[in-house]
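For the protein sequence lines, the chains are R, Y, P and L, in the order given. Our numbering applies: residue -18 is where the first sequence begins, and numbers increase by one. Our numbering applies: residue -18 is where the second sequence begins, and numbers increase by one. Our numbering applies: residue -18 is where the third sequence begins, and numbers increase by one. Our numbering applies: residue -18 is where the fourth sequence begins, and numbers increase by one.
Take the hints with a grain of salt, since some may be wrong.
Note that the list lumps identical chains together, so a pair holds whenever it fits in one copy or between two copies.
Said to hold, decoys possible - Using 30 Å as the maximum straight-line C-alpha spacing, the simulated DSS-like pairs for lysine-lysine come out as follows: (1) 268 <-> -2; (2) 6 <-> 387; (3) 387 <-> -2; (4) 6 <-> 268; (5) -15 <-> 143; (6) 456 <-> 268; (7) 143 <-> 456; (8) 387 <-> 456; (9) 308 <-> 264; (10) 390 <-> 400; (11) 6 <-> -15; (12) 264 <-> 400; (13) 400 <-> 159; (14) 159 <-> 6; (15) 456 <-> 400.
These aren't lab readings, by the way, just hints derived from the structure by calculation.
Number of protein chains: 4
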Amino acid sequence: MAVKTSEHYLRRARAMKPRVYMNGKRIENITEHPVTRTVVEANKASYEWAMDLQGEGGRLFRRPSHLNGEPCNLYNTLNRSADDLLQRAAAGLYAAEHLGTCIYRCVGCDAFNTLAATTFEMDRDMGTSYNARLMAFLRHVQAEDLTVAGAMTEPRGRRDQKMEQWIDPDLSLRVVEKNDYGIVVNGAKINISGAYASDWTIVLPSGARRPGEEAYAVSFAVPNGEEGMTYICQYTPYSAERELAESDRELGNPRFGQRETSMVVFDNVRIPWERVFLCGETKYAGKIVTRFAQVHRMVCGGSCKVGFGKVMIGAARLIQEFKGLDKVPHVNEQMTEMVTLLETVRACSKVAAIEGREVVPGSGIHFPDDLLGNVAKLNIGNAFWRIMALAGDIGGGLIVTMPSLKDLKNPETREYVEKYLGFGSETPAEEIMKVTKLLQNWTAGLHGVGTWHGAGPLQAQKIMVQRLADFEEMKRLAKEMAGIGGRKADPGR
Amino acid sequence: MAVKTSEHYLRRARAMKPRVYMNGKRIENITEHPVTRTVVEANKASYEWAMDLQGEGGRLFRRPSHLNGEPCNLYNTLNRSADDLLQRAAAGLYAAEHLGTCIYRCVGCDAFNTLAATTFEMDRDMGTSYNARLMAFLRHVQAEDLTVAGAMTEPRGRRDQKMEQWIDPDLSLRVVEKNDYGIVVNGAKINISGAYASDWTIVLPSGARRPGEEAYAVSFAVPNGEEGMTYICQYTPYSAERELAESDRELGNPRFGQRETSMVVFDNVRIPWERVFLCGETKYAGKIVTRFAQVHRMVCGGSCKVGFGKVMIGAARLIQEFKGLDKVPHVNEQMTEMVTLLETVRACSKVAAIEGREVVPGSGIHFPDDLLGNVAKLNIGNAFWRIMALAGDIGGGLIVTMPSLKDLKNPETREYVEKYLGFGSETPAEEIMKVTKLLQNWTAGLHGVGTWHGAGPLQAQKIMVQRLADFEEMKRLAKEMAGIGGRKADPGR
Amino acid sequence: MAVKTSEHYLRRARAMKPRVYMNGKRIENITEHPVTRTVVEANKASYEWAMDLQGEGGRLFRRPSHLNGEPCNLYNTLNRSADDLLQRAAAGLYAAEHLGTCIYRCVGCDAFNTLAATTFEMDRDMGTSYNARLMAFLRHVQAEDLTVAGAMTEPRGRRDQKMEQWIDPDLSLRVVEKNDYGIVVNGAKINISGAYASDWTIVLPSGARRPGEEAYAVSFAVPNGEEGMTYICQYTPYSAERELAESDRELGNPRFGQRETSMVVFDNVRIPWERVFLCGETKYAGKIVTRFAQVHRMVCGGSCKVGFGKVMIGAARLIQEFKGLDKVPHVNEQMTEMVTLLETVRACSKVAAIEGREVVPGSGIHFPDDLLGNVAKLNIGNAFWRIMALAGDIGGGLIVTMPSLKDLKNPETREYVEKYLGFGSETPAEEIMKVTKLLQNWTAGLHGVGTWHGAGPLQAQKIMVQRLADFEEMKRLAKEMAGIGGRKADPGR
Amino acid sequence: MAVKTSEHYLRRARAMKPRVYMNGKRIENITEHPVTRTVVEANKASYEWAMDLQGEGGRLFRRPSHLNGEPCNLYNTLNRSADDLLQRAAAGLYAAEHLGTCIYRCVGCDAFNTLAATTFEMDRDMGTSYNARLMAFLRHVQAEDLTVAGAMTEPRGRRDQKMEQWIDPDLSLRVVEKNDYGIVVNGAKINISGAYASDWTIVLPSGARRPGEEAYAVSFAVPNGEEGMTYICQYTPYSAERELAESDRELGNPRFGQRETSMVVFDNVRIPWERVFLCGETKYAGKIVTRFAQVHRMVCGGSCKVGFGKVMIGAARLIQEFKGLDKVPHVNEQMTEMVTLLETVRACSKVAAIEGREVVPGSGIHFPDDLLGNVAKLNIGNAFWRIMALAGDIGGGLIVTMPSLKDLKNPETREYVEKYLGFGSETPAEEIMKVTKLLQNWTAGLHGVGTWHGAGPLQAQKIMVQRLADFEEMKRLAKEMAGIGGRKADPGR
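With the rest of the complex left out, here is chain R (with noise of 0.2 Å):
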């Protein structure tokens, strides 16, 4: 059957011999480095769900191949109708709650779903085979329930030059050969959540439009590790805690940690035929990066927040109990701009999916509306900032503050520790300080400028919001109602 175990993913993990960097060492094992394996154990959880029949996880994370009716991971499906929006985000939003990072398998998913219709399109307009490729490979992935992880490309050049100003071509990933075999690639995807311990990695291009530009108009599948490919990861204060820690109870997102991406480089990658999906057609290019955007900020904007936001929400209303604050008035009002905040964001990304449409006709994919997927995004930007200002502000400074886990262990402090940081209430005191260093993980971390550029900076949906806009029917309304050539508002009396 297309739904597998964990166990199947975990035993593929433990196969993989990608080539990963951290912190100037390189990574033997992936599955038992303390970092990369919290991501191995995200891909875990989302097998996990699938196979929960009797909860919430069996109902969002299976869905029928539209190629052979077999049940498959969500991830590995595509979107056909404005109920299957839904499904996609609800599975976003519960992932979120229960990963409080990054599910890596979610750009993949996205990908597969704006190169699905953007090949039929291709196809229809030139007569290309693109869409069959494609097909084959979903088959591929969905019958052994693998792992797919999505990089969309970007120019790294200086952005006050044109991409044949750039001092180095390879700035963005490029074609640098082509052959009867396939194509040779160069260049590098900065910031790619989770890729090395994927089965595979779907390669999208940067938005490549102009004459000139074709070698880097290109996408394309590749597994895990293929030859030529190095992965150098990010290295924060919290991957350092993490390896120094002893056991992962001492951190603020135990088994899940921090979304974990890498610098993926590819130093002339050799890609057959079959995996390519697009290679030298601009015009389409731009319409990939659009399509993508258009599904993906509907859930890593509006879903994926929203469950993080309300663990904030849960943790922060935990230490106003144990303080014994449920009753004051200004801590009550912040609880409600929080879940305000929250509401509105769910809300845009819900209508997002309901006024979903399949945007290349004929294709059977379908897409968010792209105004409120945008505008998801650009909400959740913004709250997600304030929503941390206001957790921290309830979790109090303890939150930067707090002594380690280990303080409550070690027999010389424990007694201190355990008096003075039990509030004086009945929680024990490591209760309260879990709780806080969870909301550690969420206001003093990565969350914050993670939101803020996931599915790209604010600034990008801004130049969405104004192109999509009907400027045109709000002036008609306004001309009407000031009776500037409208009969309705001018009854001439």
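With the hints as your guide, set chains Y, P and L onto chain R.
Below, chains Y, P and L alone, put in the same frame as chain R:
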């Protein structure tokens, strides 16, 4: 047939003889007085839309009666599904876009729905027959396609006193006598929209909930201008301007003007039992308040104000173009911000409708999701002021310093005004001035305060959000992630 | 003596015969017309304050002439120290608190200072004698204690065109002829405050800076109602209300009303050379604009609007107390927020004064710190709308729905109004209604847009902040801390 | 002489033997441990500045002792004029700009000032001799140029309980015994900055005000590592990162790191009478809290965080330039917004100093204006999070996804990192990475929560603003303008 023309309504309005005062004088004819006739015009529009069978109006403003299947004006029907709620919200948006002020049948419609559910519940619980009375009244209203205003009374005594401490018991509307015929009521409703031009007014109780407050737990329907009723109209600078104008064309919203309210005083008004829908049952008074808010906040906060906002954006966009500012980044950022704010509110309102449900099982009446309705209102309260500020920025200081359109007619000044208010553009000064006047109406008038308080001030919504938020679920998620008593989050490595 | 009574001014005002139009009609007597007389009243107040030797007024509104040491009204003097700037800011605050509208001598005062510094600079650089002309004019103004309005003209053509592309060269004020007597000017200033009731008006150039724009680089003084000048007044709902009122007492700001502006048209107006202070020197036109903004933003943004805000807070506080809401936490939070916003702006303005300096060395004229002045204005632009929203919340929906005070006099309605608008408190309804009417004036009228645009829209301030910020210093600090090339931050451990 | 070199301090620090724990282990040598030594470094800097006689440091960090006229380090002196307060604020700004963390002598300095005024008042009122004790202690501190930390204890029991209801009386620091020698105290201060590396710590009481709380009204000085004292350090991801780093150069703030705090536990610590400055006088405990906040909020909120913000803006500006985004309007708008926020706070702090005054007449000690100090803190609380968000936007996702600087050294990855993190600019990747790492320190770490809570959470400031605002004056202005009982506003026309 049960959908009538605006002529039918106008004939009735001409025959109404309510006791109406404005600015110290009695108004003899509400269909002729320049201010009160704007209410008549708005009500007329609601009949015109329902007759527009080819257009959007016919689609939005007609709905079959659940009593007999006859087509009715939407405002005289009940919401019996989530789709009905969507239609209700969409109609509210349409009305707002085209009127720029209240459609004065809106509160009455929401009052019918509130009472339909609650009288059903009362009859079920207590064996009363309120629901049958209400349906008989509704049947009459539908048959004649009458306009019905709604009035939720308020406690007008000091807020730091209980009702029984007030210096005057009439400071909220109350029953002063019961007899065979019916009841006698005393008191007032401050700020009721457009009642003096409605065929009927339904009165809802303020939330009298405590023992001893039975007299205040009262609901009934009363015909226009019943003996003992006095309407004392609002009087604002905009009223004066309309009184003084030679033609509606000089004004910011020529045909429909401002939301016109009045205080309505009940001085020993007699109500027959067949029009009484609540009388002393304090337990249900609070439910009526909550349910009314539940439906009204979705429409008034989430739909209507979005329509107003679209007009503001449209007008600001016209000015931007007249001035040649189309490509100026900071102005386009402002346009984007306004669109984002409105789409956000629209999404909240839509999800409130979609997530609507039958709150009294068996009643058949659907209400929007309460949390989202409140969130919609909270968002628009702040958003509206922000849109006012931004539209005011783009519209320019001229919004508050512009000469009269009469100065454009006066031969001694015409040439100057034409030249200097034409912005050196090809648009005639008259058009620029009319759009600017429209912006004055929106950004330098009654709408900021009106939007904030309509459907209750923001604090009322905050209290509801606090009450409705599922903090237990969020605490559970936080505990799971922090590894407190939870299996998933703590693998015990 | 050089400080005159308000009677002196009133006598002159009665003798003025400017060509003033409002709402399509000529105004014959500006001291009698209900709207224009509010300007006369405000000017009168400035004389009364300077005579109030025992009180705050005398301390704030008197200053010795630097020309002859005679005491003068502050508005006819120059700022020659940081202390003078503090006095100027404090006077602006006092005026605003007591007028609730413009003191119409404010712009003229700032124009004198701007020209004093810049004509000094021109004479020094070019050997002209503009400064002597200006001082002669100032001496006359001081001797007679005259009121002087100021008018900075603006480009009124399309913003995407250069001046020479405009369809009409008069779209900014310009010199059309020079001769032995002086110059002839054509054009208009839109939105000048109160000029029709001032003895003189000083015209400043818009920032004509480019070669070919010399005709627009012009500054001069012109007496009230000079031949060829026409004033076309603003006309708003508030104008109409005042026209219709039987007594000022019915109005929101009884004595002083709204900031009254007019468009002033110059149709071939002749100005003798001795009143010309700039004529063709484009290099200095930009400096005049900048310096005027430098002083005016401190006062208009940072002082005046703080005074307005204090009145709003005071009125909201009264309503809070009338309603018995003194101890309600969320209302007190709102009070706190309003106070915080105002104190913030006051601080910016004060520091602008304290950090003021002589920008043209040797001129003796001090200007506020430019960065802080712009920051003050930026803050108040947003803060004012926020205070409007909050005061409007506390004031209640009655702000926009209240009956007229005449309904309180009308025997047919009096009792009802007294009862229901008395809030069940011991405060008479009349007092509650007057305070509510005052809040209407502030929160439902012209002040939001007016505050935003007065002294230039916010974007103008943003541009200045961007230009004035010392980014080099901040980059240096960042590099030092990051250990880039810096000794201190990197001990090379 | 009373200004010593940093070597003097370092020698003493090496000799300190406090009982310090971090992450479950005892720290033997605070001058060597990679985390605790950052505190030593910051303290050393304060000595270096005072020695920098040619530079800004010497000007800002020296001040003559009021006891004997000897030059002292600013942190060991009293503020005896508004100019002193300005110097104090400027020194705080300078320290923050150069350290990017606490200068750990700051709270001690403010504690000296607070006690100097309050002991003077107590002696005057009660004939005690606290002031002489304090001055003797200060004389000693000045003579040796010692570092003094400050610790205001807090109630750590449930907030919905009174102190006597707490499950443990030690939940705030208290006197458990008085004898001939002095007092014995029990309890803890959570979150004291850097005390383990200070020569002395001054303890201030929490605001025990009620009868029965006398034991908690206690203030004293205690030398580093007195018997019975245990310091349990904060432990955050940043601590771990520093522990693991091979060189400070890999870190975001290489030399000075994070604000390092510890919980300090007093387990039956004996304090001789000559170091006791308050003991049982509840009436004055509240005054101490208020006065300490009065001076500390000006510096900590209004100066220090402005310095931090300047570093953030500088770093963001560098990234903007590296990327070639200098002319992009929306980025420049963000720069402008950040500068505006900081200048606003700076102004509030400066006016707090300028409007400072002697609050206890005759004491000679000046305190900043309380309202403005609180307003400064309120503004920075929100502004800091906003600046974090904006600097994080400009800095890019790399802030949270960047590889280690070690990956730049590793020959297997060096070339890749150099190429792809060089932005195609002429700036070496190392410099870009260091600036990005600096931004990580500021936008993805401890500073948001720290800034909000330092000097008390925002609600504490709001309460003060509410208490300090002159509502009576504002009500008077409103009444005058509304024409209620006022002559001026109502000419009785």
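Right, here's what the structure says about each hint:
When the C-alpha separation of residue 268 and residue -2 is checked against a cutoff of 30 Å, the pair qualifies neither within a copy, at 34 Å, nor between copies, at 64 Å. Taking identical chains as interchangeable, the C-alpha atoms of residue 6 and residue 387 lie at most 30 Å apart whether they share a chain (27 Å) or sit on different chains (8 Å). In this assembly of identical chains, the alpha carbons of residue 387 and residue -2 lie at most 30 Å apart only when taken from different copies (22 Å versus 35 Å within one copy). Taking identical chains as interchangeable, the C-alpha atoms of residue 6 and residue 268 are never at most 30 Å apart, the minima being 39 Å within one chain and 57 Å between chains.
Taking the closest pair of Cα atoms, residue -15 and residue 143 never come within 30 Å of each other, the shortest separation being 46 Å inside a single copy and 57 Å across copies. Proximity of residue 456 to residue 268 under the C-alpha cut-off of 30 Å is restricted to the intra-copy arrangement: shortest distance 29 Å within a copy versus 39 Å between copies. Taking CA atoms no more than 30 Å apart as the test, residue 143 paired with residue 456 passes between copies only; the shortest distance there is 27 Å, against 36 Å inside one copy. In this homomeric assembly, residue 387 and residue 456 come within 30 Å of each other (Cα to Cα) only across copies, at 25 Å, whereas the closest approach inside a single copy is 64 Å.
With identical chains, the CA atoms of residue 308 and residue 264 are at most 30 Å apart between copies only, with a shortest distance of 25 Å across copies and 59 Å within one. Taking the shortest Cα distances, residue 390 and residue 400 sit within 30 Å of each other inside one copy (13 Å), while across copies they are farther apart (46 Å). Taking the shortest alpha-carbon separations for residue 6 and residue -15, neither the intra-copy value of 33 Å nor the inter-copy value of 45 Å comes in at or below 30 Å. When the C-alpha separation of residue 264 and residue 400 is checked against a cutoff of 30 Å, the pair qualifies only between copies, where the shortest distance is 29 Å, while the shortest distance within a copy is 66 Å.
Proximity of residue 400 and residue 159 under a CA criterion of 30 Å is satisfied inter-copy only: 24 Å between copies versus 69 Å inside one chain copy. Proximity of residue 159 to residue 6 under the C-alpha cut-off of 30 Å is found in neither arrangement, the shortest distances being 34 Å within a copy and 60 Å between copies. Proximity of residue 456 and residue 400 under a CA criterion of 30 Å is satisfied inter-copy only: 24 Å between copies versus 65 Å inside one chain copy.
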